[in-house]
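J.: Work out the full structure, taking the sequences as your base and the hints as a guide.
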Amino acid sequence: MSNEEATRPPEEEQHAQGVEQEAVEQAPAAEPAAENLEAPSVESLLAEVAELQAKVTEQNDSVLRAQAEVQNIRRRSERDVENAHKFALDKFSSDLLPIIDSLERALDAAESLENEAVTAMRDGVELTLKMFVDTLAKHGIEQLNPVGEPFNPEFHQAMSMVPNPDMEPNSVMAVMQKGYVLKGRLVRPAMVVVSKAP
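Take the sequence shown: its letters are residues 89 to 286, numbered as in the working numbering.
Don't read these hints as lab results, they were simulated from the structure. Worth double-checking, as some hints may not be accurate.
Claimed, not checked - In silico DSS-like pairs for lysine-lysine, Cα to Cα no more than 25 Å straight-line:
| hint | residue 1 | residue 2 |
| --- | --- | --- |
| 1 | K226 | K266 |
| 2 | K143 | K174 |
| 3 | K179 | K266 |
| 4 | K226 | K174 |
| 5 | K271 | K174 |
| 6 | K271 | K218 |
T.: Structure representation (structure tokens):
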């Protein structure tokens with residue numbers, strides 16, 4: 089502090105400080121750095137809002153499509169699992185059918201023989217075949233023996249057509265090999281002889 093400042097009366101000192109403060113207040117304020125940026129126009133703001141709304145709508149559509157796809161995948165998976173459980177025996181039952189066919193052929197062959205030993209054996213084979221067919225039925229496998237029924241290409245395979253005046257045309261006259269269905273789904277078609285008009 090200089091001697092002059094020390095000898096100054098307190099009123100002058102306050103006045104000097106006030107003048108300095110006024111000078112600082114009157115000094116031009118620093119212009120904002122963003123002076124070069126103009127305020128956005130209403131049209132540009134509306135365009136930006138419209139663009140953002142379009143993006144939101146697009147995102148909502150994407151979310152809805154993704155949710156629908158997830159639901160479709162879940163339904164498809166549930167249906168596949170249900171079918172897998174429902175038709176798990178399909179291949180296994182197909183492998184068992186030749187055994188049933190062999191037992192039926194054995195019964196047909198033994199039918200013409202009248203021997204006490206053959207009769208006892210035939211009874212045993214009949215019981216075995218009945219148990220086999222009953223067990224398959226318990227698991228949803230049904231036998232198709234369509235003699236006298238109209239020919240159905242979904243469940244029957246025509247091996248030949250024979251004229252028969254006693255039957256309606258396109259009726260099953262004879263079954264060469266029985267067919268089987270598993271819970272409504274064809275495992276093996278019945279091989280049949282179909283009647284035709286004479």
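J.: All the hints need checking, so say for each whether the structure fits it.
T.: Checked hints:
no.: 1; hint: K226 with K266; in the structure: 18 Å, holds
no.: 2; hint: K143 with K174; in the structure: 46 Å, violated
no.: 3; hint: K179 with K266; in the structure: 17 Å, holds
no.: 4; hint: K226 with K174; in the structure: 13 Å, holds
no.: 5; hint: K271 with K174; in the structure: 8 Å, holds
no.: 6; hint: K271 with K218; in the structure: 20 Å, holds
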